[in-house]
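Numbering of the sequence shown is given in the working numbering, commencing with residue 94 and proceeding in unit increments.
Any given hint could turn out to be false.
Unchecked claim - Label pairs and their in silico Cβ distance ranges:
1) A322 to G285: 16 to 24 Å
2) D319 to V233: 21 to 29 Å
3) D319 to D239: 30 to 38 Å
4) L355 to P284: 28 to 36 Å
5) D177 to L355: 49 to 57 Å
6) V233 to R305: 29 to 37 Å
7) E292 to L355: 38 to 46 Å
8) V127 to G219: 38 to 46 Å
These are calculated hints, taken from the structure and not from any lab test. No residue lacks a Cβ here, since even glycine has one placed at the ideal position from N, Cα and C.
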Amino acid sequence: MNMAPVSHPDPGFSARLRRREPLIGYWVCLDSPVAVERIAGLGYDYVGVDGRHGVVHQPGWQVAMLAVDARGRSAGVIQVPSPDPVAIGAALDAGARGVIVPVPENAGQARSAVRACRHHPAGTRGLGGPVRAELRMGSVPAEVDDRVACIVMIETAAALEDLDAICATEGLDAVYAGPAGLSAALGARRPGDPAVAGELEAALRKITEAARRHGIACGIHVPDGDSAAKRLAEGFTFATVCGDITHLEQAAAAHLRAARALV
Numbered sequence: 094m095n096m097a098p099v100s101h102p103d104p105g106f107s108a109r110l111r112r113r114e115p116l117i118g119y120w121v122c123l124d125s126p127v128a129v130e131r132i133a134g135l136g137y138d139y140v141g142v143d144g145r146h147g148v149v150h151q152p153g154w155q156v157a158m159l160a161v162d163a164r165g166r167s168a169g170v171i172q173v174p175s176p177d178p179v180a181i182g183a184a185l186d187a188g189a190r191g192v193i194v195p196v197p198e199n200a201g202q203a204r205s206a207v208r209a210c211r212h213h214p215a216g217t218r219g220l221g222g223p224v225r226a227e228l229r230m231g232s233v234p235a236e237v238d239d240r241v242a243c244i245v246m247i248e249t250a251a252a253l254e255d256l257d258a259i260c261a262t263e264g265l266d267a268v269y270a271g272p273a274g275l276s277a278a279l280g281a282r283r284p285g286d287p288a289v290a291g292e293l294e295a296a297l298r299k300i301t302e303a304a305r306r307h308g309i310a311c312g313i314h315v316p317d318g319d320s321a322a323k324r325l326a327e328g329f330t331f332a333t334v335c336g337d338i339t340h341l342e343q344a345a346a347a348h349l350r351a352a353r354a355l356v
């Protein structure tokens, strides 16, 4: 029996991103659907799942997206491990509302990432049939494409050099600053190295200004809520608060200090 195409009229997260609305997300590295579900119910605009550095590998992406959608308050976004179109397609088929694509160093690589997020003729993404994304975003390719956000990272010297051309890439929804990678590209010995603090801030300003000129969203990874508010005030349009492993360790350490102080 043939089933009629599923249609969902509200593009949601991607539309808000493209309008450059201020958005706040939270970063997940742990492969714990229960924890993801709890975080997704807090009211963050999106939950970013680290499929690159974290322990949530590809088999866990779909479960993480299920956990996000179970609460219905956040959009699920996946950072894929590489610009490989296969990885991008797998994340989108799992139901991600957006992908964060690492290390594109020029406009050509950014264009390839965009095409991997779009179906033919706009791109190279294949029709997946009964994949999970169809349940959430419909089965009309052009409508699905409209509900999916393509975000590329700016974290290398080459990407900074080609920044204007990257931001001008047709169909690109946002650029995303990775301060740790940018710091290394600028010569830092470690993340937060004060020796390159000035250069890093100049690079971040360059990114926000280029994104604004080209009318696309501009995001950044931050360690806490105060930093998110600061970066949004500086011209970033979305900020991701990092993240579950770090905050779990910080909370556990604070409780340990408090308990020992009473002994």
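Each hint, compared with the structure:
Between A322 and G285 the C-beta distance comes to about 19 Å, which sits within the given range of 16 to 24 Å. Taking the beta carbon of each, D319 and V233 are about 42 Å apart, not inside 21 to 29 Å as hinted. The beta-carbon spacing between D319 and D239, approximately 34 Å, falls within the hinted interval of 30 to 38 Å. For the pair L355 and P284, the supplied restraint of 28 to 36 Å holds, since their beta-carbon distance comes to about 34 Å.
The beta-carbon spacing between D177 and L355, approximately 52 Å, falls within the hinted interval of 49 to 57 Å. Between V233 and R305, the C-beta spacing of about 32 Å keeps the proposed range 29 to 37 Å intact. In this structure, E292 and L355 meet the distance hint of 38 to 46 Å, their C-beta atoms being roughly 45 Å apart. In this structure, V127 and G219 break the distance hint of 38 to 46 Å, their C-beta atoms being roughly 33 Å apart.
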